[in-house]
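A.B. asks: From just these sequences and the hints, can you work out the full model?
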Amino acid sequence: MNNFTLGKYMPLDSAIHKLDPRAKILAMLVMLIAIFIPSGFEGYLLISVVILVVVYFSKLKLSFLVKAMKPMFFMLGFLLVINLLVIKTGYALVTIGSFVIYSDAVFQTLYIVIRLLLMVIITTLLTATTKPFDLTLGLESIMAPFKKIGLPASEIAMMISIALRFIPTLIEETQRIMQAQASRGVDLQEGKIKEKIMAILSLIVPLFVSAFQRADDLANAMEVKGYIPGAKRTRYKQLKFYLRDYIVLLVSNGLLILLIVWMIIK
Amino acid sequence: MSIKFEKVSYTYSENTPYQYQALNNIDLEFAAGKITAIIGKTGSGKSTLVQHLNGLLLPTAGKLQVMDWEISADKKPSKLKKLRKEVGLVFQFPEYQLFEETILKDVAFGPKNFNATEKEAKAKAKEALKLVGIDESYYEKSPLELSGGQKRRIAIAGILAMDPKVVVLDEPTAGLDPQGAKSMMELFYRLNKEFNKTILIVTHNMEDVLQYCEDVVVIKDGSVKTHTSVKAFFQDTQLLDDLEILPPNVIRLKNALNEQGFNLSDEIVDLDELTTAIVKKVL
Numbered sequence: 000m001n002n003f004t005l006g007k008y009m010p011l012d013s014a015i016h017k018l019d020p021r022a023k024i025l026a027m028l029v030m031l032i033a034i035f036i037p038s039g040f041e042g043y044l045l046i047s048v049v050i051l052v053v054v055y056f057s058k059l060k061l062s063f064l065v066k067a068m069k070p071m072f073f074m075l076g077f078l079l080v081i082n083l084l085v086i087k088t089g090y091a092l093v094t095i096g097s098f099v100i101y102s103d104a105v106f107q108t109l110y111i112v113i114r115l116l117l118m119v120i121i122t123t124l125l126t127a128t129t130k131p132f133d134l135t136l137g138l139e140s141i142m143a144p145f146k147k148i149g150l151p152a153s154e155i156a157m158m159i160s161i162a163l164r165f166i167p168t169l170i171e172e173t174q175r176i177m178q179a180q181a182s183r184g185v186d187l188q189e190g191k192i193k194e195k196i197m198a199i200l201s202l203i204v205p206l207f208v209s210a211f212q213r214a215d216d217l218a219n220a221m222e223v224k225g226y227i228p229g230a231k232r233t234r235y236k237q238l239k240f241y242l243r244d245y246i247v248l249l250v251s252n253g254l255l256i257l258l259i260v261w262m263i264i265k
Numbered sequence: 000m001s002i003k004f005e006k007v008s009y010t011y012s013e014n015t016p017y018q019y020q021a022l023n024n025i026d027l028e029f030a031a032g033k034i035t036a037i038i039g040k041t042g043s044g045k046s047t048l049v050q051h052l053n054g055l056l057l058p059t060a061g062k063l064q065v066m067d068w069e070i071s072a073d074k075k076p077s078k079l080k081k082l083r084k085e086v087g088l089v090f091q092f093p094e095y096q097l098f099e100e101t102i103l104k105d106v107a108f109g110p111k112n113f114n115a116t117e118k119e120a121k122a123k124a125k126e127a128l129k130l131v132g133i134d135e136s137y138y139e140k141s142p143l144e145l146s147g148g149q150k151r152r153i154a155i156a157g158i159l160a161m162d163p164k165v166v167v168l169d170e171p172t173a174g175l176d177p178q179g180a181k182s183m184m185e186l187f188y189r190l191n192k193e194f195n196k197t198i199l200i201v202t203h204n205m206e207d208v209l210q211y212c213e214d215v216v217v218i219k220d221g222s223v224k225t226h227t228s229v230k231a232f233f234q235d236t237q238l239l240d241d242l243e244i245l246p247p248n249v250i251r252l253k254n255a256l257n258e259q260g261f262n263l264s265d266e267i268v269d270l271d272e273l274t275t276a277i278v279k280k281v282l
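Chains H and C supply the protein sequences, listed in that same order.
Terminal number for the first sequence in numbering that gives the first Met the number 0: 265, no gaps in between.
Terminal number for the second sequence in numbering that gives the first Met the number 0: 282, no gaps in between.
Source of the hints: derived by calculation from the structure; they are not laboratory data.
It should be emphasised that the depicted structure is a prediction, and the values quoted were computed from it without experimental measurement.
Among the clues, some could well be false.
As the list claims (entries may be wrong) - Pulled a few chain H residues facing chain C out of the computed Cβ check, cut under 10 Å:
| hint | residue |
| --- | --- |
| 1 | E172 |
| 2 | A181 |
| 3 | S182 |
C-beta atoms are modelled at their ideal positions from N, C-alpha and C, and glycine is treated no differently.
C.D. replies: Below is the structure:
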């Protein structure tokens, strides 16, 4: 749990950290779309190279990204097994007794694996290099035009930022309760199924109780400080686009267009 | 039966930008059968220190001996669970760990985890609840509907029901009303005197240290600053000044009187003794 990196901000000083959050959010969206364009392995290679370059500039350690991907590995393994059992098209790759592994099963799994891992890396890049506060500011600014059609942009941004803000707090809380229960003999690693269910229960109930309490306290604190949903608010920090932000948008959009063209030609 | 730290260091989030060394080369030995206070400023490493005592945190360098268990940086000990039965650790704000439907069940949760039968666990739970002063009529109530102070008592009972030899308490009286805090400290005193338990209390309250504890350990910036008897500690005005610790009222009154030529004994630590001594001098 101590190594939980998903959505965690890493305070480094890099070119990627300095980018405008709006540029980063938009670039991330474009890249996510690019990942879902069926452009074959060549396309993924291109995207991977671009992402690796960004990772290099962000000064994030590769081990950090691997840790962020870790929770996916179990799911991916599960997916591989299911695909191997279900997909029976393509040519036979390996034959073990009466069990045949088909090429499509392997390739399709590989596609999904690459897509998911790239997605995790891209989103991790965004959250690890952008302060939660800047992220919210960027989101709000991007959603601002939709206010005209009744989208509560500021409220949505506030909700997202509160959710992000409380991820580390809740993790901390979970750890604390885990340790408190471990002191009472709870063993999450060993034990029978019934004991394990009890162990998880002893974790979840206190966690929910304190989360609700926290929510209550936060709501009161916000009200005391005069938070009114929908009220017009000013900002201390003003976002500004620099040349580097335009370059980022240009590169990511260029990549997307390139991949679309590639797909059509193929 | 002893607890001994040898050059223990602990670093949080090693090898990340969040890296933080909380303990630095701790050498420490706790005497069995005593009440020891662990004091120090917020963030000095007290809580990190006590979490080593039942193996929740393993040292990143050095080793420690807790009774029969040897815990070191490179060797993870087996049977940690058994250690957790022998060293009962009560966290800060332990009321957040309550989760069962009834108070009795919650307190019986610990013993049951350590392989007590349902019946034994209930018996131990009842004993512990009696000890902390929770009335029988509460047994079937939900722990969540009680007041903060009562919740805290139940959480502490949950640890005591495991019948640990060593009880470690991390700021057990924080946030309690003065009356509740006093009876809580008296409970720990009784546990030590009547049931012969070794007690370690992390606290900020110097009055409690003076009244209930025998030894005191001062932690500063992750290192042990001093480890001495409470009496010696409160006589060392220079050290107290260095640590920016305001001595308890009785000691300050005594010191002030001594400055005026009263010449009261250094042995005096409580108000009654002080009053008697003053009366003797004056009459």
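A.B. asks: If a hint holds in the structure, say so; if it does not, say that too.
C.D. replies: Evaluation of the provided hints:
no., hint, result
1, E172, "holds, 8 Å"
2, A181, "holds, 6 Å"
3, S182, "holds, 4 Å"
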